[in-house]
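Q: Sequence:
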Amino acid sequence: ALKGITELVTKPGLVNRDFADVKAVMKDGGLSMIGMGESDTENRAMEAVERALNNPLLDVTIDNAKGALINVVGGADMTIKECQQIVEAVSSRLSPDARILWGARIEREMGDTVRALVIITGVQAPHLFTPEKRIKKEKKEEIEKVLGIDFVE
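Using the numbering used here, read the sequence shown as starting at 725 and increasing by one per residue.
Since the hints were made in silico from the structure, they are not lab data. Being a predicted model, the structure only gives us computed values, none of them experimental. We put the beta carbon where it would ideally sit given N, CA and C, even for glycine. Check each hint, because a few of them may be wrong.
Claimed, not checked - The calculated lysine to any residue pairs, modelled on SDA-like cross-linking and capped at a C-alpha distance of 20 Å, are:
hint, residue 1, residue 2
1, K735, D801
2, K751, D801
3, K863, D874
4, K805, G737
5, K805, N788
6, K727, L825
7, K751, T730
8, K727, G737
9, K727, K747
10, K869, P850
11, K805, E774
12, K805, K747
13, K747, K863
What the hints assert, rightly or not - Label pairs and their calculated CB-CB ranges:
hint, residue 1, residue 2, range
14, N788, Q808, 21 to 29 Å
15, N767, D787, 49 to 57 Å
16, L781, R832, 25 to 33 Å
17, N779, K751, 22 to 30 Å
18, L782, E833, 47 to 55 Å
19, A748, N788, 17 to 25 Å
20, T765, S819, 26 to 34 Å
21, N767, E865, 24 to 32 Å
22, I804, T765, 31 to 39 Å
Between the sequences and the hints, there should be enough to build the whole structure, so can you do that?
A: Structure representation (structure tokens):
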């Protein structure tokens, strides 16, 4: 994923993005996720984006996400329609007010493969404590007393 972000801002493409775009989507975005998916099947664009969005190790909800940065990379036969399918698949799942930026690049070495990289900000994760979900002082004291532990902030 880090390689994908680096290539997004350093390699020229059909639709270019730079570090300012990454910063614009990430600024005040809150909790974020990064996903990457690839496919070389007949329905490669949709499979790639589904793999990027549906990592079984990430328990996050993107319904009310604030922003997304999408990078699509494919071989010489990749089409703008495939890029649009990927962008629409992501944007249809986010908040209607979400800021969505995307880039696309041809990389001949990819052959028949299409890769989708997504960075989505403002996701919710039920098992993570974010500033919005801090434990109230009384509850902390109760947990500390019962478990014999101290919370560190």
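Q: Is it true that the CA of K727 sits at most 20 Å from the CA of K747?
A: Holds, at roughly 17 Å.
Q: Quick one, are K805 and K747 close enough, alpha carbons at most 20 Å?
A: 27 Å, violated
Q: Checking one constraint from the list: CA of K727 to CA of G737, max 20 Å. Satisfied?
A: 15 Å, holds
Q: Take a look at whether the Cβ-Cβ distance between A748 and N788 falls inside 17 to 25 Å.
A: Cβ of A748 to Cβ of N788: about 19 Å, so the range 17 to 25 Å holds.
Q: Straight-line Cα separation of K751 and D801 no greater than 20 Å?
A: 35 Å, violated
Q: K735 and D801 were given as a pair; does the straight-line alpha-carbon distance stay at or below 20 Å?
A: With a Cα-Cα distance of about 19 Å, the restraint between K735 and D801 holds, given a limit of 20 Å.
Q: Does the Cβ distance between N788 and Q808 fall inside 21 to 29 Å?
A: Check passed, 23 Å falls within 21 to 29 Å.
Q: Hint check: K727 vs L825, CA-CA at most 20 Å. Holds or violated?
A: This hinted pair holds, its Cα atoms lying about 18 Å apart.
Q: Decide if the proposed pair is consistent with the structure: K869 and P850, CA atoms, cutoff 20 Å inclusive.
A: 24 Å, violated
Q: Does the alpha-carbon distance linking K805 and E774 stay inside the 20 Å limit?
A: 16 Å, holds
Q: Does K863 sit within 20 Å of K747, going by the straight-line distance between their CA atoms?
A: 36 Å, violated
Q: Given a hint of 47 to 55 Å, does the C-beta separation of L782 and E833 actually sit inside it?
A: 28 Å, violated
When held up to the earlier numbered hints, the structure conflicts with 2, 5, 10, 12, 13, 15, 18, 21, 22 and fits the remainder.
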